[in-house]
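Undergrad: Given next are the chains, with one letter for each unit.
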Amino acid sequence: EPEVTQTPSHQVTQMGQEVILRCVPISNHLYFYWYRQILGQKVEFLVSFYNNEISEKSEIFDDQFSVERPDGSNFTLKIRSTKLEDSAMYFCASSDNDRRRFFGPGTRLTVL
Amino acid sequence: DQQVKQNSPSLSVQEGRISILNCDYTNSMFDYFLWYKKYPAEGPTFLISISSIKDKNEDGRFTVFLNKSAKHLSLHIVPSQPGDSAVYFCAASRGGATNKLIFGTGTLLAVQP
Chain S
8 EPEVTQTPSH QVTQMGQEVI LRCVPISNHL YFYWYRQILG QKVEFLVSFY
58 NNEISEKSEI FDDQFSVERP DGSNFTLKIR STKLEDSAMY FCASSDNDRR
108 RFFGPGTRLT VL
Chain B
288 DQQVKQNSPS LSVQEGRISI LNCDYTNSMF DYFLWYKKYP AEGPTFLISI
338 SSIKDKNEDG RFTVFLNKSA KHLSLHIVPS QPGDSAVYFC AASRGGATNK
388 LIFGTGTLLA VQP
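Residue numbers (my numbering), protein chains in the order written: chain S, 8 to 119; chain B, 288 to 400.
Calculated directly from the structure, the hints in this document are not laboratory data.
Since we're looking at a predicted model, the values are computed, not measured.
Using N, Cα and C, we set each Cβ at its ideal position, and we do this for glycine too.
Treat the hints with care, since some could be wrong.
25 angstroms max Cα-Cα, derived SDA-like pairs, lysine to any residue [as the list claims (entries may be wrong)]:
hint	chain 1	residue 1	chain 2	residue 2
1	B	K325	S	G47
2	B	K292	B	S315
3	S	K49	B	M316
4	S	K64	B	P296
5	S	K49	B	P296
With beta-carbon atoms standing in for the labels, derived distance ranges [as the list claims (entries may be wrong)]:
hint	chain 1	residue 1	chain 2	residue 2	range
6	B	P369	S	E8	20 to 26 angstroms
7	B	R348	S	E8	15 to 21 angstroms
8	S	E75	B	M316	17 to 23 angstroms
9	B	P400	S	Q21	32 to 38 angstroms
10	S	E25	B	P296	18 to 24 angstroms
11	B	M316	S	L119	27 to 33 angstroms
12	B	M316	S	K85	30 to 36 angstroms
13	S	D78	B	R381	40 to 46 angstroms
14	S	K85	B	G383	43 to 49 angstroms
15	B	D346	S	N35	27 to 33 angstroms
16	B	P366	S	G79	26 to 32 angstroms
17	S	G47	B	A397	17 to 23 angstroms
18	S	D103	B	K341	45 to 51 angstroms
These stretches of chain S come out as covered by chain B in the derived footprint (C-beta under 8 angstroms, 3 or more residues) [claimed, not checked]:
hint	segment
19	24 to 34
20	43 to 54
21	57 to 70
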């Protein structure tokens, strides 16, 4: 069964450094998303992406965040200058037109 | 943002019995609801969904019921199995596939052998 994959599974970085989290969505899906979950908190929406542009973004998704679909298979989330509070599990998801979102296994980001 | 609430942080049931997980929402504009299962350090796994034009959707052991007037949905798992032990999240959205999901806080289900 097709699935969303994410790399790396765990990323440790120093505060102020840039990180890029990578995702390969399900191949025939058209809608892509990033969510995150800070330890002990809810899963929170960050951004949705369709037709090579951002469709919706949350207040969390400020100028430090960007997304890109550099080729036909990858979908990336970049955090330009990481803060301690960016430490979380980051989940990529994808969907086709039926509105079910399928999530990847997540990347644990630890900012020191 | 408390638009989606799961008021029971945990639930324990015996193997073979029914598990009922509940979820309430406040935004009447939500028109699509989903249930996810999540193990620690893994991503949410899609279980079942329901559109607001329906009041019930069934898939194997999983049934979701939607009561729009009460703004309430529930997930029934029958029969419960030990492998069902996980955190269950309900989520809601409105509009199309580009729109965000709003998640509840989750219910930890423990199925006792």
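Undergrad: Each hint: holds or not?
TA: Hints versus structure:
1. Among the hinted pairs, K325/B with G47/S is consistent with the structure: their alpha-carbon atoms are about 13 angstroms apart, no more than 25 angstroms.
2. With a C-alpha separation of about 14 angstroms, the suggested pairing of K292/B with S315/B holds against the 25 angstroms cut-off.
3. For the proposed pair K49/S and M316/B, the alpha carbon gap of about 21 angstroms is at most 25 angstroms, so the pair holds.
4. Between K64/S and P296/B the alpha-carbon distance is near 28 angstroms, which puts this suggested pair outside the 25 angstroms criterion.
5. For the given pair, K49/S sits about 12 angstroms from P296/B by alpha-carbon distance, which is consistent with the 25 angstroms threshold.
6. Taking the beta carbon of each, P369/B and E8/S are about 23 angstroms apart, inside 20 to 26 angstroms as hinted.
7. A C-beta distance of roughly 18 angstroms is found between R348/B and E8/S, which places it inside the suggested range of 15 to 21 angstroms.
8. Roughly 31 angstroms separates the CB atoms of E75/S and M316/B, a value that falls outside the hinted 17 to 23 angstroms.
9. P400/B and Q21/S have their C-beta atoms about 45 angstroms apart, which leaves the hinted 32 to 38 angstroms range violated.
10. A hinted range of 18 to 24 angstroms is violated for the C-beta pair E25/S and P296/B, which are about 37 angstroms apart.
11. In this structure the hint that M316/B and L119/S lie 27 to 33 angstroms apart at CB is violated, the actual value being about 41 angstroms.
12. About 32 angstroms separates the C-beta atoms of M316/B and K85/S, a value consistent with the hinted range of 30 to 36 angstroms.
13. Under the hint 40 to 46 angstroms, the C-beta atoms of D78/S and R381/B, about 32 angstroms apart, miss the expected range.
14. Restraint check, K85/S to G383/B: a C-beta distance of roughly 26 angstroms breaks the suggested window 43 to 49 angstroms.
15. For the pair D346/B and N35/S, the supplied restraint of 27 to 33 angstroms is violated, since their beta-carbon distance comes to about 21 angstroms.
16. Distance hint check: the CB atoms of P366/B and G79/S are about 43 angstroms apart, inconsistent with the given range 26 to 32 angstroms.
17. For G47/S and A397/B, the Cβ-Cβ distance of about 18 angstroms falls inside the hinted range of 17 to 23 angstroms, so the restraint holds.
18. In this structure the hint that D103/S and K341/B lie 45 to 51 angstroms apart at CB is violated, the actual value being about 20 angstroms.
19. Counting residues of the segment 24 to 34 of chain S whose CB falls under 8 angstroms from any CB of chain B gives 0; the rule of at least 3 is not met.
20. With 4 residues carrying a beta carbon less than 8 angstroms from a beta carbon of chain B, the segment 43 to 54 of chain S meets the three-residue requirement, and the given coverage holds.
21. With 4 residues having a Cβ less than 8 angstroms from any Cβ of chain B, the segment 57 to 70 of chain S passes the three-residue criterion, so the hint holds.
Figure legend: structure checked against the earlier numbered hints; hints not met, in rising order: 4, 8, 9, 10, 11, 13, 14, 15, 16, 18, 19.
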